[in-house]
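> Starting from the structure of chain A, add chain B where the hints point.
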Amino acid sequence: MLTITRKPGEKIMIGDDVVIEIVEVAGNTVRVGITAPRERLIYREELWERVRRENEEAALSAPDQLDGLAKPS
Amino acid sequence: MEQTVHSTRFGELDVPEEALIEFPDGLIGVGGRRFALLTREENSAFQWLQETAREELALPVTDPFPFFPDYEVRISDAEAERIGISDPAEAEVLVIVRAAEKLEDFSVNLLAPLLICRGVGHQVINEAPAQVRVPLLSGLAESAS
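So the protein sequences, as listed, match chains A and B.
The first sequence begins at 1 in the working numbering and counts up one residue at a time.
The second sequence begins at 1 in the working numbering and counts up one residue at a time.
Next comes chain A alone, as it looks inside the complex (with noise of 0.2 Å):
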């Protein structure tokens, strides 16, 4: 992993069209500021993390018989 020490208000590019920007360092908390093409999906880590996780595991849990269970009236 590429590390990179930046205060605030310094900018990391990657490529020529995403720039993340320190914003503001407090105590433990990084507040980060990102500029991407609209295109580039941007999520929280951990949140993409479970959802990821949830629909591997959708994929696998799934028995057959689901078919048959009717909706709610």
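Derived from the structure by calculation, the hints contain no laboratory data.
Please read these numbers as outputs of a predicted model, since none were measured by experiment.
Cβ atoms here follow ideal geometry from the backbone N, Cα and C, with glycine treated the same way.
Keep in mind that the hints are not guaranteed to be accurate.
[To be verified] Label pairs and their computed distance ranges (CB to CB):
| # | chain 1 | residue 1 | chain 2 | residue 2 | range |
| --- | --- | --- | --- | --- | --- |
| 1 | A | Glu21 | B | Lys102 | 45 to 55 Å |
| 2 | B | Asp77 | A | Gly33 | 14 to 24 Å |
| 3 | B | Arg33 | A | Val30 | 28 to 38 Å |
Relative to chain A, chain B alone:
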């Protein structure tokens, strides 16, 4: 026009064109690009999203509103514009189901619903308070009490 889709779970299927949904960004962390929305049985509460080029990838989905009458999906204007939805009413909402042996143990992902509009789908992060693993029947129990 029908497309033949191979499915590990269901074998060979002939899928009508209107059941095909493009997911330009795939499902979060799982990918996929083009899915067939399969209805295996009339009146079933569940359908399947079968990836058309990855036969092993099929996920059960359901319409969340019969189970969660108060369910709400909120996305930012920027996100709505990105996925090409101008009117929330024109998007179909589905949620992914994590099935189990018993119906009481089923859960649904209300945090990351699927929005489908004119044959194009996106899995979005719901900005309304919602959880990733909600017991399927919990919404019914609430509204009954």
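> Take the hints in turn and mark each one as holding or not.
Tested hints:
1. A:Glu21 / B:Lys102: 45 to 55 Å: At roughly 50 Å between Cβ atoms, Lys102 of chain B and Glu21 of chain A fall inside 45 to 55 Å, so the hint holds.
2. B:Asp77 / A:Gly33: 14 to 24 Å: holds (19 Å)
3. B:Arg33 / A:Val30: 28 to 38 Å: For Arg33 of chain B and Val30 of chain A the Cβ distance comes to about 35 Å; the hint holds.
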